[in-house]
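So the chains spell out like this:
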Amino acid sequence: MRNQFAETLYEMGKKDSSIYIVVADISPAGSMGKFRDECGERFINVGVAEQSMIGICAGLALKGCQPFAYTIATFSLYRPFEMVRDDLGYQNLPVTVVGIGGGVIYSTLGGTHHAQEDVIIASAIPNMSVIAPCDPLEVVEATRYCATQKKGPIYLRLGKAGEPTLTENAVEPWEFGKIRYLRRGSDTCILSYGVVTNKAAELADRLTAEGDSVSLVSAHTIKPLDREGIAQALAHHKRVIVIEECAPGGLASRVKEIAWDTEAKCTLHTFTLQDKFIHNYGNHDQLLAAHGLDVDLIAAAL
Amino acid sequence: MERKAEFQAMDAAAARQRCMGYRRRVLEVSQHVSALHIAPAFSCLEITDAIYNVLMRDQGNDASPDRFVMSKGHGCMAQYVILESQGVLSSDDLAKYCTPHGQLGAHPDYGVAGIRASTGSLGHGLSIAVGMAYAEKTQGGDGRIFTVLSDGEVQEGSTWEALMMGSTLGVDNLFAFIDNNDFQSLGRTSETHPSFYPLVEKFDAFGWETAEVNGHDAEAIHKAVSARQGGKPMVVVCKTTKGRGVSYMENVPIWHYRAPNPEEYQQALDELNEVSS
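From first to last, the protein sequence lines are chains V and F.
Using our numbering, you'd call the opening residue of the first sequence number 19 and step up by one each time.
Using our numbering, you'd call the opening residue of the second sequence number 1404 and step up by one each time.
The set of hints was computed from the structure by calculation and includes no laboratory data.
Glycine included, every Cβ here is placed at the ideal spot set by N, Cα and C.
Hints may be right or wrong, so weigh each one.
Said to hold, decoys possible - If we take Cβ atoms under 10 Å as the criterion, some of the chain V residues that face chain F in the derived model are:
(1) 40
(2) 44
(3) 55
(4) 59
(5) 71
(6) 73
(7) 76
(8) 79
(9) 96
(10) 101
(11) 105
(12) 110
(13) 271
(14) 275
(15) 276
(16) 277
Said to hold, decoys possible - Some chain V residues flagged as far from chain F (calculated, every beta-carbon gap over 10 Å):
(17) 21
(18) 35
(19) 60
(20) 70
(21) 178
(22) 188
(23) 194
(24) 224
(25) 254
(26) 257
(27) 274
(28) 286
Said to hold, decoys possible - Looking from chain V toward chain F, a few residues come up when the C-beta cut is under 10 Å (computed):
(29) 29
(30) 83
(31) 111
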């Protein structure tokens, strides 16, 4: 994902001289090096100074530029939170805050590097949009959107590297603010976003093999949430399952809220990270499993 | 690339007259509200006046390449009365200060005419100003960015991040002024943090061009900025008196956020009239 982000940003940055990237001491992955070499003045490394990273982005945006702030999610959103809220949210500036390794992807680095509440925290800020692409192809679409929109700040939650492609045969195109059907079925609808969508896809395969007709949906834009799209999904499936790599309070809670508001008749199952710090140091899958986000565990709970 | 700064001349007598008028106007507004930041505004009034009326081209209006950020947002009464005198804000705007139908609050809000950034939480303005200055330099503009920080605000870690970045990015079109009145909410800054001073040496060490002046002396402020070497961002440490101009407000913490009663109001006006006559 981060390589695809860097490649897309490089492409956009070559065309548009108002695009800046402000990083905080993170090694320029993939094409980020090309951006740095070819658009030198528009690549800023603040070092270990994330509050300044956000403030500088705000200043650039106030002068008409289109900046991206870029570092590990905990340091792009949590450390400079008040700058994100006041400088970007309150002033409603078109700055994209990129969080690398959202969720518990940095599994072995411990809780200090786990952005397990990032989507909820970012969503709570007025004016802030939140996008979490599910695969590298969606990263391209999302990055292009972020690089050209002028509506306001965006928190762009990315994984790290090597994520599988899930959307090459999607039945719908990517559109900001709309849920996206990757597959369409009539019995069960699985909603997910971000890297953990690969688990949702695996569950979809399994349920399909068992004879279920399954929809798989990338809810890549968590804010503004496509309420109408979700209401339709609740209305037109017998069962809806939400799989989310985020603490309770994110998409799963929003879907329940919409289900209540629309008096949905389907059954609804939600699987999220737990509201706790888990002191395990396995790989990403193992840490997700420790939180209960494992396809076997989910299938057994259905 | 490097353009030597050229600032218009300072008429110190005219600046004194303006500031007298601004102080009166702030006091007038104080009579419509229960509380407002008078003393913090009086502390940075001469600095803010010099920036708007002399140092920025076209008074920093929309057509000017120059911009001002009131990083110490609680000093914004100084900014409001100056913007009113320029016709950017109306007397009606000030009459409706802190009311449900007004657009002016106790901290400046981006989107209001003449306000270039929302501040109020301390430690934000300098990084924003660094970003604005860097945008000017890299987008081919020749704008200069001016900002006023409180001394209390310099305690924020984010201010030191911004100082570091200002010199790293070489934004020599950035001018920061420290309203060094030695007061913060709970008392004297020098007592809160005995190692806070000296300031100039710290800024020097962070790679900024520095000067230290009497922050109520318009001529001294102008001279310091005009005499700069350039090539680095500049910080001017301005020795000021919180509540400057009204004897009972000077260096008295309650006037950080209190409006005078009618008697006190009259006394304040009398003192200002006495000075100006």
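Right, here's what the structure says about each hint:
Interface restraint check: residue 40 (chain V) against chain F, minimum CB-CB distance 8 Å, threshold 10 Å, status holds. Interface restraint check for residue 44 (chain V): the shortest CB-CB distance to chain F comes to about 16 Å, outside 10 Å, so the restraint is violated. For residue 55 (chain V), the interface hint is violated, since its Cβ never comes within 10 Å of a Cβ in chain F; the closest pair sits about 16 Å apart. Proximity of residue 59 (chain V) to chain F holds as hinted, the smallest CB-CB distance being about 4 Å (cut-off 10 Å).
Given the 10 Å rule on beta carbons, the hint for residue 71 (chain V) holds: about 8 Å separates it from the nearest Cβ of chain F. With a least beta-carbon distance of about 2 Å to chain F, the hint placing residue 73 (chain V) at the interface is held under the 10 Å criterion. A hinted interface residue such as residue 76 (chain V) counts as satisfied when its beta carbon comes closer than 10 Å to some beta carbon of chain F; here the least separation is about 5 Å, so the hint holds. Below 10 Å, beta-carbon pairs count as interface contacts, and residue 79 (chain V) has one with chain F at about 8 Å; its hint therefore holds.
With 10 Å as the threshold, the beta carbon of residue 96 (chain V) stays out of range of chain F, its nearest partner Cβ sitting at about 15 Å, so the hint is violated. Contact between residue 101 (chain V) and chain F, as hinted, is supported at the beta carbon level, the nearest pair being about 6 Å apart and thus within 10 Å. The interface hint given for residue 105 (chain V) holds, since its Cβ lies 6 Å from the closest Cβ of chain F, which is under the 10 Å cut-off. Because the beta carbon of residue 110 (chain V) sits about 8 Å from the nearest beta carbon in chain F, less than 10 Å, this interface hint is met.
With a least beta-carbon distance of about 29 Å to chain F, the hint placing residue 271 (chain V) at the interface is violated under the 10 Å criterion. The interface hint given for residue 275 (chain V) is broken, as the beta carbon of that residue sits about 31 Å from the closest beta carbon of chain F, more than 10 Å. Taking 10 Å as the C-beta contact cut-off toward chain F, the hint placing residue 276 (chain V) at the interface is violated, the least distance being around 32 Å. Look at residue 277 (chain V): its Cβ only gets to about 37 Å from chain F, farther than 10 Å, so that hint breaks.
For residue 21 (chain V), the condition that its CB be more than 10 Å from all CB atoms of chain F holds, with the nearest at approximately 26 Å. With a closest Cβ-Cβ approach of about 8 Å to chain F, residue 35 (chain V) is found to fall inside the 10 Å limit, against its non-interface label. For residue 60 (chain V), the requirement that its beta carbon stay farther than 10 Å from each beta carbon of chain F is not met, with the minimum near 7 Å. The Cβ of residue 70 (chain V) sits about 4 Å from the closest Cβ of chain F, inside the 10 Å cut-off, so the non-interface label is violated.
For residue 178 (chain V), the shortest C-beta to C-beta distance to chain F comes to about 26 Å, beyond the 10 Å cut-off, and the non-interface label holds. Every Cβ of chain F is farther than 10 Å from the Cβ of residue 188 (chain V); the closest lies at roughly 38 Å, confirming the non-interface assignment. Distance check for residue 194 (chain V) against chain F: the nearest CB is about 24 Å away, which clears 10 Å, and the non-interface claim stands. For residue 224 (chain V), the requirement that its beta carbon stay farther than 10 Å from each beta carbon of chain F is met, with the minimum near 49 Å.
Every beta carbon of chain F lies more than 10 Å from that of residue 254 (chain V), the smallest distance being close to 42 Å; the non-interface claim holds. For residue 257 (chain V), the condition that its CB be more than 10 Å from all CB atoms of chain F holds, with the nearest at approximately 46 Å. Residue placement check: residue 274 (chain V) keeps its beta carbon more than 10 Å from all beta carbons of chain F (closest about 34 Å). Remark: the non-interface label on residue 286 (chain V) is consistent with the geometry, its nearest Cβ contact in chain F lying 40 Å away (cut-off 10 Å).
For residue 29 (chain V), the shortest C-beta to C-beta distance to chain F is roughly 20 Å, which exceeds 10 Å, and the interface hint is violated. For residue 83 (chain V), the shortest C-beta to C-beta distance to chain F is roughly 5 Å, which falls under 10 Å, so the interface hint holds. This hint holds: residue 111 (chain V) has a C-beta 9 Å from the nearest C-beta of chain F, less than the 10 Å allowed.
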